[in-house]
Each structure stands twice: as C-alpha cells, then as structure tokens.
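Visitor: Listed below, chain by chain, are the residues.
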Amino acid sequence: MIFNQLKKMALPNAARKLLLGVKSSFSLFQTTANAEYRYLSSVSNPKGLLSLEKEEENKVAGHKNVVPLECRFVYPEFLPDPRLDHRNSLREKLERMDMMNRRNHIDIPEFYVGSVLAVSSSNPHAPEKVTRFVGICIQRGGCGLRAFFIIRNVVDHQGVEMFYEMYSPVIQKIEVLRLEKRLDNELLYLRDALPEYSTFPLDMEPEYLPEGSAIPVNPIKVKLKPRPWLERWERQELKGVQDLGLPKRFYERAAAVAKPWEKYDLMAEYRESIPAEEQEEIFAEVYSQLHQLEVTRKIMKRKRTFVKPKKMG
Amino acid sequence: MNQADVSKLMSRLKIKYSPVKRKLKNSEGPVGRAKKIQKTLTALIKHERIELNFNRADETRGYVERLISDAIRYGDCHRATMELADYWLLEKQLVHKLFKVLVPRFENCPVSYTRMYRAPRPCPGNHFERAVLELRGNPYPSLLPDTISNRNLIHNVLLDEAHKEYRAQKYAEIARKLEAADENVAKSSGDSDGPESSGLETPEEIKASTEAQVASEVQPSGEKVARPSKDVQ
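Chains as they are written, first to last, in the numbering used here: chain D, 1 to 313; chain V, 1001 to 1233.
No lab work stands behind these hints, which were simulated from the structure alone. Check before you lean on any hint, since a few could be wrong.
[Said to hold, decoys possible] Listed next, the in silico SDA-like pairs over lysine to any residue satisfying Cα-Cα at most 20 Å (straight line): (1) V:1008 with D:269; (2) V:1039 with V:1050; (3) V:1016 with D:86; (4) D:173 with D:295; (5) D:263 with V:1028; (6) D:173 with D:113.
Here the structure is a predicted model, which is why all the values come from computation and not from measurement.
Working from the sequences, and respecting the hints, build out all of it.
Guide: Here it is as structure tokens:
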C-alpha cells in the first residue's frame, strides 16, 4: 500500500505529522473509473448497522433521505455485478440514470421469485400487436439494464417459459397478480414438478394485499415427477420440495461430493456480493425517486380499486 | 453478469485484495486450502505477528479482515458469526479473544485491522517471497525504523539546517522591518504636525506579530518527542 511505503521512507518531521493526520481521511484512495484503482477498496467511516426501528424513525421523522438497506431486496438489479473485472463506476451511474428514466415511463412493480405476474409486451405478429403472458416468476437475475426475469406457465398441457428483460422498451406493462415469496430463491425445480404447481389461469384476477403488510411467504412444498430430472435436486438444499423419495445411494453420493467448507469461505462470499457501505451509496442516489414512484403507484392503486356507490331505486 | 448476493450484509474491506482466489497448492485440494488458511488465521490472532510466505499471508489477510469486520458488525450473540469464528479459529480461547479483545480494539478503526510487510529472504534459499503479517495495536515494538529521534541521520541533519536557515531569514526580516519602523517613527516625530501614520506600525507591534508568526511556522528542531503509538486507540 502506498501509505506503508511512505511510512517506510525516511520522512521529515512535518510531513510525518501531516501523514499521521491524513491517515484517517484516505481521500487518495477513492475508487474512480481509473482501472488502476479498481482493486483498491476505499476507506469509509464504519458506522454501526442501523437497527430496523432506527431506520423507520429516520424515515418518518426527518426530511433527510435515509436509505433503508431493505432496498436491496426490492430493487436488486440496481446493484452492479460484483465481479471486479466488470466494475466501472461511470458506466454504472449512467445505467442507473437510464433505469430511472425507464421507470418514469413504465411502472415496474415490486415482485419476487414465486409471484404471479402478467406481462404485456409488444409483438409485431400478434393481431393486437400486444402479447399478454401470465405465469409464476421462477428466476430473477442480471444487473443494471440487463435485469431479467423468467415466467413459467402451463398452457394446453405444455409448459411454457418466457424470458423478459425488465428494462426492455418492448415491455408495455407488468402487473403483479399475486405478490408472494417462496421458500427458495429460484424455482427452477418447477420444470420437474407436477404440472399443477405451474398452472395459472391466463385470465387470473389480481389479488390485493392489505396495505402495509409484509410480503407473505408461501410455505408450499411441491411434488416432483419421478426421475429423470433436469438437475440433481437432491444435491441442492431445496426447502420448497416434498421429500424426494430417492434410494439411499443418492443421498450418500450427495454427501460425498458436498463442499461444506464453501459455507465458511468469507472471501468468496465477499467477492460475490456488494459491501453494505457501497449499497448505501448506490441506493442513496436513486432512493428518493424510487420512493416517489412507489407513493404514486399506491395512490393510483387506491384510485383504481375505488368503486363508486350506485344509487338504489 | 451475476446479480449480487444480498442475503448477508458485510462491511467493506479496507485492504487491497485480488479478484481471483489463490489455490495455495496442497495435496488435499480446496479442503487443504481452507485448512491452511484456518491455521494461519489462528496463528495470527494468537501471536498478533507472524512471518510467513507472501502468498499465504496475502490470502489469509482478507479472511482475517472479514472475520473481524463481521465480529464488529454482528457481535457474539449472532449465531452465524459465532459459527464462523468457531470454524476459522482452531483454538477456542481465541474466539473469546476475537469478540472481547479485538472487537473493542478495532471498533472505531477507520483503516485496515492488519498490516503486511514484505520480509527479507535468507540469501542462499528458495525464491518464495516472505511477508510479515501483524494486527494493528500489537504489543511488540514497531518493525519500521525510528527516523525521528536520531538527529544525526542525514535527512534530520538537513532538516535541522533548513530550520535554522529559515529562522535566520525570518529574524533578518524582522530586523529589517524594525529598522524601517524606526526610520518611520523618526520621520513622523520630525514633522510633528503631519497626519498620523496609521498605515505604518510601531516597532513593538511589528516585533510581536513577526515573533508570533515565526514561532508558529518554525518547528522546534532537535526535540525528542515521546509520542505514544497513535495507531490504535
């Protein structure tokens, strides 16, 4: 580190005093778009983790925009790809600007893997130029403008999956028909499950949750079809499937090839995620606008569901 | 193009780390790598300063920083953090040391919790680079040479001379200003009905202001300042 090298050098008294003073404010090491500094973490003042109650207080009390870190679950695509090779702060800022611009034009609602969505996208070959597809979200990924989600449904006894890019201009409307979470982060096992677990009526009505309630977690346990499967589900820790009912040798082999040390690999965990301080910085940029859009969406929802009372007689 | 895993919040690392993990060549593969890092990490927490090969030191440094930052963020009542400490620290009294000694030591530390130096290799020997890995605030004397106390080192000799020269210059300037002031006073006393020389200062004022200036700018040279280690509070 440059600081250590400077310290090793024989420095004059005054400069050494200055260096000791500067130690705590490492402005030299701010991450920039410059590739040289890419691998250097910048120093930040470590603040304690704000407890949930404190965050609520801050939201309600002050006009200051305090960003709740729960944003990371609602808007995970705003966080960049954690791979150091793919980081570029300027490109990320521009992408966030473009994402906010798109969100100003179309309402991209909050949803999770396990929610039932209806997506209307433009299709030049359809009679009304619009295709509407209803299904359960089985996977969500990507970062920035390339954020995607996959929707699954069974139509005419045929399993169908549609891949949508959230910020594509082709998408005209995303409606959440049922907002809920499941026990797993990805529901790819629905491909090997009985078709009834992936079937949703195409004319499904939206189900509303009481305002301010937490997102419900559906504890359903899905029954899989008999083997062969697309993946070795017994080797993944799936919580949303019933007992697989496989012979003992499958579980023995799964235990033999398991890598239990990976659970404790602190650096691998760090390289696959974004640190909390950086998450706060990123959401601080966009939170006020996102919050504004949320508020507008709630108002519109209330307006839509209001039914004017009819005169009797 | 992967979405960042947000299930766990972690503090930012304050050290340089490589984007790719080292395999730390060993016969047991990834299991052996984890064991090596466990041993090095335990040794560092136990002895607070260890000398070892560079690659192993650099690899373990990240793990040490992450473990300490997690301990600071979540504390010892958090089950997952306790399990991590239990896994990485092979000697269980060090789990106590981590949460009860190191966490209060590094709680408000704005810089990295560890320091790594390159160490010399014995000359006829293998070509592996050596490193010294230490925790900040360790009880041993500093590895870096003390370049302040010994005024006979060349840079200190030159600095002391520079200080003396600067003082001499400043005093010469003061002397010149005093002379000029004296002249002005003599002139103004000569034309007694002239307007008050408000722009020109009296010799006493000049002396006081310049002395104050010199005292603040010029460092006292040759002073042995007994400075306590400011590394960690």
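Visitor: Each hint needs a verdict: does it hold in this structure or not?
Guide: Hint check:
no.	hint	verdict
1	V:1008 with D:269	holds, 9 Å
2	V:1039 with V:1050	holds, 12 Å
3	V:1016 with D:86	holds, 17 Å
4	D:173 with D:295	holds, 18 Å
5	D:263 with V:1028	holds, 18 Å
6	D:173 with D:113	holds, 18 Å
Comparing the model with each numbered hint stated earlier shows that all of them hold.
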